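Following the hints, complete the assembly by docking chain G onto the known chain W.
Note that the protein sequences, when read in sequence, are chains W and G. If you count the first sequence from 1, position 41 lands on 40 in numbering that gives the first Met the number 0, and the numbers rise without skipping. If you count the second sequence from 1, position 25 lands on 24 in numbering that gives the first Met the number 0, and the numbers rise without skipping.
Just so you know, the hints here were simulated from the structure itself, not pulled from any lab data. You may find that some hints are simply not true.
For each label pair, taking beta carbons as the anchor points, the in silico distance ranges come out as [as the list claims (entries may be wrong)]:
1) G/Ile129 x W/Glu310: 19 to 29 Å
2) W/Thr173 x G/Arg361: 55 to 65 Å
3) W/Arg82 x G/Glu303: 34 to 44 Å
4) G/Glu303 x W/Gly177: 51 to 61 Å
Computed from a predicted structure; not experimentally measured. We put the beta carbon where it would ideally sit given N, CA and C, even for glycine.
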Amino acid sequence: MPEVLKAPLVVEFPFTRSLGPVQSAFLTGLRERVVLGVKTGDGRTLVPPVEYDPVTADEIRDLVEVAPTGTVTTWAWNHEPRRGQPLDTPFAWVLVRLDGADTALLHALDAPAPDAVHTGMRVRIRWAEERTGAITDIACFEPYEGEAVEPGGHDGAFEDAVHGIVAHARLDYTYSPGRAQTAYINALSSQRTFGERCPSCRKVYVPPRGACPTCGVATSEQVEVGPAGTVTTFCIVNIKAKNLDIEVPYVYAHIALDGAGLALHGRIGGIPYDQVRMGLRVEPVWTEGARYPDHYRPTGEPDADYDMYKELL
Amino acid sequence: MSKEPVAVVGIGQTKHVAARRDVSIAGLVREAARRALDDAELGWADIDAVVIGKAPDFFEGVMMPELYLADALGAVGKPMLRVHTAGSVGGSTALVAANLVASRVHSTVLTLAFEKQSESNAMWGLSLPIPFQQPLLAGAGGFFAPHVRAYMRRSGAPDTVGSLVAYKDRRNALKNPYAHLHEHGITLEKVQASPMLWDPIRYSETCPSSDGACAMVLTDRAGAARSPRPPAWMLGGAMRSEPTLFAGKDAVSPQAGKDCAADVYRQAAIADPRRDIDAVEMYVPFSWYEPMWLENLGFAEEGEGWKLTESGVTELDGDLPVNMSGGVLSTNPIGASGMIRFAEAALQVRGQAGEHQVDRARKVLGHAYGGGSQFFSMWLVGAAAPDS
Numbered sequence: 000m001p002e003v004l005k006a007p008l009v010v011e012f013p014f015t016r017s018l019g020p021v022q023s024a025f026l027t028g029l030r031e032r033v034v035l036g037v038k039t040g041d042g043r044t045l046v047p048p049v050e051y052d053p054v055t056a057d058e059i060r061d062l063v064e065v066a067p068t069g070t071v072t073t074w075a076w077n078h079e080p081r082r083g084q085p086l087d088t089p090f091a092w093v094l095v096r097l098d099g100a101d102t103a104l105l106h107a108l109d110a111p112a113p114d115a116v117h118t119g120m121r122v123r124i125r126w127a128e129e130r131t132g133a134i135t136d137i138a139c140f141e142p143y144e145g146e147a148v149e150p151g152g153h154d155g156a157f158e159d160a161v162h163g164i165v166a167h168a169r170l171d172y173t174y175s176p177g178r179a180q181t182a183y184i185n186a187l188s189s190q191r192t193f194g195e196r197c198p199s200c201r202k203v204y205v206p207p208r209g210a211c212p213t214c215g216v217a218t219s220e221q222v223e224v225g226p227a228g229t230v231t232t233f234c235i236v237n238i239k240a241k242n243l244d245i246e247v248p249y250v251y252a253h254i255a256l257d258g259a260g261l262a263l264h265g266r267i268g269g270i271p272y273d274q275v276r277m278g279l280r281v282e283p284v285w286t287e288g289a290r291y292p293d294h295y296r297p298t299g300e301p302d303a304d305y306d307m308y309k310e311l312l
Numbered sequence: 000m001s002k003e004p005v006a007v008v009g010i011g012q013t014k015h016v017a018a019r020r021d022v023s024i025a026g027l028v029r030e031a032a033r034r035a036l037d038d039a040e041l042g043w044a045d046i047d048a049v050v051i052g053k054a055p056d057f058f059e060g061v062m063m064p065e066l067y068l069a070d071a072l073g074a075v076g077k078p079m080l081r082v083h084t085a086g087s088v089g090g091s092t093a094l095v096a097a098n099l100v101a102s103r104v105h106s107t108v109l110t111l112a113f114e115k116q117s118e119s120n121a122m123w124g125l126s127l128p129i130p131f132q133q134p135l136l137a138g139a140g141g142f143f144a145p146h147v148r149a150y151m152r153r154s155g156a157p158d159t160v161g162s163l164v165a166y167k168d169r170r171n172a173l174k175n176p177y178a179h180l181h182e183h184g185i186t187l188e189k190v191q192a193s194p195m196l197w198d199p200i201r202y203s204e205t206c207p208s209s210d211g212a213c214a215m216v217l218t219d220r221a222g223a224a225r226s227p228r229p230p231a232w233m234l235g236g237a238m239r240s241e242p243t244l245f246a247g248k249d250a251v252s253p254q255a256g257k258d259c260a261a262d263v264y265r266q267a268a269i270a271d272p273r274r275d276i277d278a279v280e281m282y283v284p285f286s287w288y289e290p291m292w293l294e295n296l297g298f299a300e301e302g303e304g305w306k307l308t309e310s311g312v313t314e315l316d317g318d319l320p321v322n323m324s325g326g327v328l329s330t331n332p333i334g335a336s337g338m339i340r341f342a343e344a345a346l347q348v349r350g351q352a353g354e355h356q357v358d359r360a361r362k363v364l365g366h367a368y369g370g371g372s373q374f375f376s377m378w379l380v381g382a383a384a385p386d387s
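Chain W on its own, in the form it takes in the complex:
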């Protein structure tokens, strides 16, 4: 069996977040080297603070300052820091209960080795040089042997508060189209199109998926389709998508290749966009070295009769 194709796939996007009143105060506080918690109905102080009481579900807004020093309540060693983590050398993930708080905050502890870390050890915040109102304003925690630091009496009201943050999301995948689509993609590079026939309903799937979604059975019988086909329906795209390098207007069409049991999607060229019609007979136009046809162009044959393709829209 030929090797299955694989390729890296990275998706990333900068998401914005509105903070609401409590997270706004918390993150603005970090910018000012102030750590805030929130008082619950039963008198506990939650750090980081939340907007609603986890016991009573009441809205809670009573912010209190806690100390930049605290105690490790549990930890795990991170042997291999990854992109975007607080430190680029091995460190401990720690839960730290800051002095004055009843709950623990997750962060990184800068320690030389796991034997330098233990539950119950005293730590303090190492502030980032440049602070913007984000959790990264705490660069990390560091071991601390000194006196407990008394918190100031900040009430959470700040000038020029932060109301939103940008959270960069990034996911790294290794994508594989699987056995059936690998065969399809490999055949396309020699300008031939193969589908797979369902042994049960006899429909030919193009592109093949390795299974028939209607009958729920595996497919393996390869069937060459096309190269020509019929435009079964289409739209004219008039707005340019940011991530696409296609001039507008262009025609995005459903094309039923001859012999296929359903339409695939492609772009129509070689004809003014406003002359494309349902039933138009088209053939693929290949470019050197491409993995798929660049577009489809009219064959010059008479249009297909609607009854011939109305089940393939």
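Just chain G now, with coordinates in the frame of chain W:
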């Protein structure tokens, strides 16, 4: 043992807008939930379980947001679960909650759906680049436009029908204080003159992108008896799914949609939906889906749906009003959109729809669909309890 009757006794939604920068996601859902509880005159302690829905996590980039919303929704110490069916999720979330009451697992359930699209990117979430594939299309409009063209060809509908739907829905939205778009100067000419985005879909025939949440309190017969306001009774509810693309798929009138409607009508003993149902709130993100769904849901014969739209039957004062709230065309926080449809149906039979109230709305259908027309969820609610 027969099922427990399910009643809607509380409905709450946020004022839907393009961006709610003043609240976190927790603050947004809280606002809708609090309004639903206030409507029912209930407190957090009266709720036995919470069922929440939203669009896929990729939209806002928050992995499993339900985990951190438990305290905002008073769910600590209670069962909380998330439903996940793309754009139809608001409807299926309500049905999962209703089934918990119908099966007597819980007496009173809070159900809620939301989207904060200003902090999300639906186009990115829907159009991840895929190696080895030709990038051709971005966004939902281009995906659905060929199906609209197929409908036009199949039905022979005049090409003005889409603009009539948009003009109607935007006028209905003017009567709904919670609707996102309030286009006071809207005219049919303006709709028809708006730019063609994905021919045959014009800009004014597409839905907006909204921040919003919708919540409902569902309860049993005993809970309904304590309700300070008239309840809406669920007379039938169903969900169906099918693949996005398969050989033989009818994208214009999907079989799963027909089957889902038939199941609801069977449960509610609806022999003729056109005669027996007073109004419909359906999921129409692109205007042409009104005539398409009218056929799919059995309100018109195949190819005839557009005639109901064209003749004014679906207007607010027509014989079968459709999308009294202004519909998805006027408000679209994607995850919440299905639940807003279900809630509008309930508001109508409770007589609480305000300026967009339909006279004598005794039985109203709420409808949602999602994905590539692959998930369907619907409920029929009535002013009178089942078996009474």
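Right, here's what the structure says about each hint:
1. G/Ile129 x W/Glu310: 19 to 29 Å: Holds, since G/Ile129 and W/Glu310 (Cβ atoms, about 27 Å apart) stay within the stated range.
2. W/Thr173 x G/Arg361: 55 to 65 Å: holds (57 Å)
3. W/Arg82 x G/Glu303: 34 to 44 Å: Violated - the Cβ-Cβ distance for W/Arg82 and G/Glu303, about 58 Å, lies outside 34 to 44 Å.
4. G/Glu303 x W/Gly177: 51 to 61 Å: violated (43 Å)
In this structure, the earlier hints numbered 3 and 4 are contradicted, and the remaining ones agree with it.
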